[in-house]
Amino acid sequence: MNALQTRGLGKRYRRRWALSECDLEVPAGHVVGLVGPNGAGKSTLLNLAAGLIRPTAGTIEVLGGEPASGAQQLAKVGFVAQDTPTYAGFTVAEHLRLGARLNPGWDQALAEARIAELGLDPAQKAGQLSGGQRAQLALCLGVAKRPELLILDEPVASLDPLARRDFLQGLMSSVVEHELSVVLSSHLVSDVERVCDYLIVMVGSRIRVAGEIEDLLATHHRLVGPRREASRLPGDQEVIGQSHTDRQSTLIVRTDQPILDPAWTVSKLTLEDLVLAYLDANRRSAPTRPALEVQR
Amino acid sequence: MIWLSYRQTRLQLSIGLVTLAVVAAGLALTGPHLAELAKTEKFLQQASDGVANSFLYVATILLTYGLPALIGGFWGAPLVAREIESGTHRLAWTQGVSRTRWLAFRLGIGATAVLAVSGLLTLAITWWAGPMDKAMPIEGPTGVFSFYRMSPFLFGVRGVAPIGWALFAFALGVVVGMLARRTLVALGVTMALLVVLQVCVPMFVRAHLAAPVDAVVPITLENLRGLEGRPDGAGEVTLETFHISGAGPADWILDDETVDRNGLIPASLPSYVSGCMPEPGLNPDPASSVQRAKQACIDRLSAEGYQQHIIYHPESRFWALQWREAGLLAGGALLLSGFAFWRIRQDP
Chain F
1 MNALQTRGLG KRYRRRWALS ECDLEVPAGH VVGLVGPNGA GKSTLLNLAA
51 GLIRPTAGTI EVLGGEPASG AQQLAKVGFV AQDTPTYAGF TVAEHLRLGA
101 RLNPGWDQAL AEARIAELGL DPAQKAGQLS GGQRAQLALC LGVAKRPELL
151 ILDEPVASLD PLARRDFLQG LMSSVVEHEL SVVLSSHLVS DVERVCDYLI
201 VMVGSRIRVA GEIEDLLATH HRLVGPRREA SRLPGDQEVI GQSHTDRQST
251 LIVRTDQPIL DPAWTVSKLT LEDLVLAYLD ANRRSAPTRP ALEVQR
Chain P
1 MIWLSYRQTR LQLSIGLVTL AVVAAGLALT GPHLAELAKT EKFLQQASDG
51 VANSFLYVAT ILLTYGLPAL IGGFWGAPLV AREIESGTHR LAWTQGVSRT
101 RWLAFRLGIG ATAVLAVSGL LTLAITWWAG PMDKAMPIEG PTGVFSFYRM
151 SPFLFGVRGV APIGWALFAF ALGVVVGMLA RRTLVALGVT MALLVVLQVC
201 VPMFVRAHLA APVDAVVPIT LENLRGLEGR PDGAGEVTLE TFHISGAGPA
251 DWILDDETVD RNGLIPASLP SYVSGCMPEP GLNPDPASSV QRAKQACIDR
301 LSAEGYQQHI IYHPESRFWA LQWREAGLLA GGALLLSGFA FWRIRQDP
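Protein chains in written order, with my numbering: chain F, 1 to 296; chain P, 1 to 348.
If we strip away everything but chain F, and leave its shape as in the complex, we get:
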């Protein structure tokens, strides 16, 4: 079964398409990283998957069902929204109670253990927690629901590096323990690199590339050699990025086939190089777009 499957999926807000022509087929059992600059449509895709909004075009299936189509579907999908919203006036314990009352598969022992492990005071109001603690509380709600798929929208965006590491570690331990599928978005490649085994790159409301990270790294190459036009490459080599000096060309290509031309010096890409190549390609094709932000 696919964790996430979309066909021609699109979402329009007034005149602007936040997501368009999105075709995806992500098998269950992966930890999927969704990367792209701010405003690329990541949140839109995840909100569609959580069933908070409905598509303008195309279809989306999550774990084989229409998002938020009923209590059963809702119970299968955990969602930690952007900025990890919690009720400021509720205590930590009341959040757990909320989770227990609203979710048939709620695991109270797990929730309590996590809260204790994090050192959170159950009597403390969520409004008084730090950003990192609040994110952990939201994650705890998502995990203790015991979903089959956990969707996290920029869960670590507002966290400092230490809290970020703790959060991702907590997430990974749950993944291992409960055989969760996870989709998490981030605008940082480093977060994805640390925990994900499947990558989706989104730019300008479209999916640029999606696949298992291992496969992606195996099929993308950097070619360095004497200056040559990209159009003169063999047909099975898709050029993602290129840069030229007077005498030398550097190309980033995607191909399943071995590269035989001895004129090229072939080297592997890091995940960040790969993502940057896709982001960069988009910037070249649409020069009016504001500069994309990729941090490490």
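No lab work stands behind these hints, which were simulated from the structure alone.
Every value quoted in this text rests on a predicted model; they were computed, and no experiment measured them.
Idealized CB from N, CA, C, for every residue including glycine.
Accuracy of the hints is not assured; some may be wrong.
In silico lysine to any residue, SDA-like type, Cα no more than 25 Å apart, as pairs [said to hold, decoys possible]: (1) F:125 to P:240; (2) F:125 to P:14; (3) F:76 to P:105; (4) F:76 to F:170; (5) F:76 to P:14; (6) F:125 to P:270.
Have a look at the derived ranges for each label pair, beta carbon to beta carbon [stated by the list, open to error]: (7) F:118 to P:341: 57 to 65 Å; (8) P:62 to F:118: 21 to 29 Å; (9) P:338 to F:8: 21 to 29 Å; (10) P:101 to F:118: 54 to 62 Å; (11) P:343 to F:267: 49 to 57 Å; (12) P:112 to F:118: 23 to 31 Å; (13) P:347 to F:248: 28 to 36 Å; (14) P:54 to F:54: 33 to 41 Å; (15) F:195 to P:101: 30 to 38 Å; (16) P:101 to F:112: 23 to 31 Å.
Given the structure of chain F, go ahead and fit chain P onto it with the hints provided.
Showing chain P alone in chain F's frame:
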């Protein structure tokens, strides 16, 4: 969901219950004494001498009028708007409970609490003010007690109408909050709409809730209350219409006009009619020459075919109209809830 709904209504509910308790205590302390006093002569005069009575009478009217705006603004408006504003709808609506169910519980439990608070409040106030409202038609306006319960002003703060208003206000607040998506905006818009409706319903809607009594009655010396005219621009007054007490003083008079023998409203009345008006003062001697002249004037008026056309809701219809107004508003609340259930399924 019951627990969550209660938890998110707790603050408003406790404020409502505290208000209710304070008001109920005030009414319970003075009510039994008023009920006793009502058995005596000149009851209203005695009642208005008590500062506490006058204060409670006015305060409960103001509170009941303010109740819809308070409930709509602080109870209804934040219900969805606050969730969207703080982003917590993304938490609440992605738990194992569908949005429709979430709304059903939030609305259902909220409406039950609104019903309880407004119901107990208005019943207590109606019970407390009962002796005064009953004595009004007999003793006439006295002190602060200057409105009949059928009058547009007092009708809306007695009986079951306030319950209808409270439920409607709650549903209106929820819907406005869903559309405005910001608590403060929703609060302001809800309150403003409610004030407008509280003015418009008595003015334009209430009279049509039941068919009023429509009667043409003779003008007599006894029922004549006043004469209305208009300056004609030349220093003279054109006499246009009489006012009579054809209905009881406690009835709600919608229309009261003099008509001629054809049943039409005349442009002006003959000038002699100013002589028909009774002298101020009680029980003039019918045998006196002044009274006989006035009787002759009235007789001439009748002979010329002048009669009085009155349209009114008699005081006896008080409860029928009360239930209809409450029903209308409750129906409005249901319609608004229906819209809310449709809207919740759309994108937030």
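Discussion item. Please list, smallest to largest, the hint numbers that this structure does not respect.
Written reply: 1, 5, 6, 7, 8, 9, 10, 12, 13 and 14
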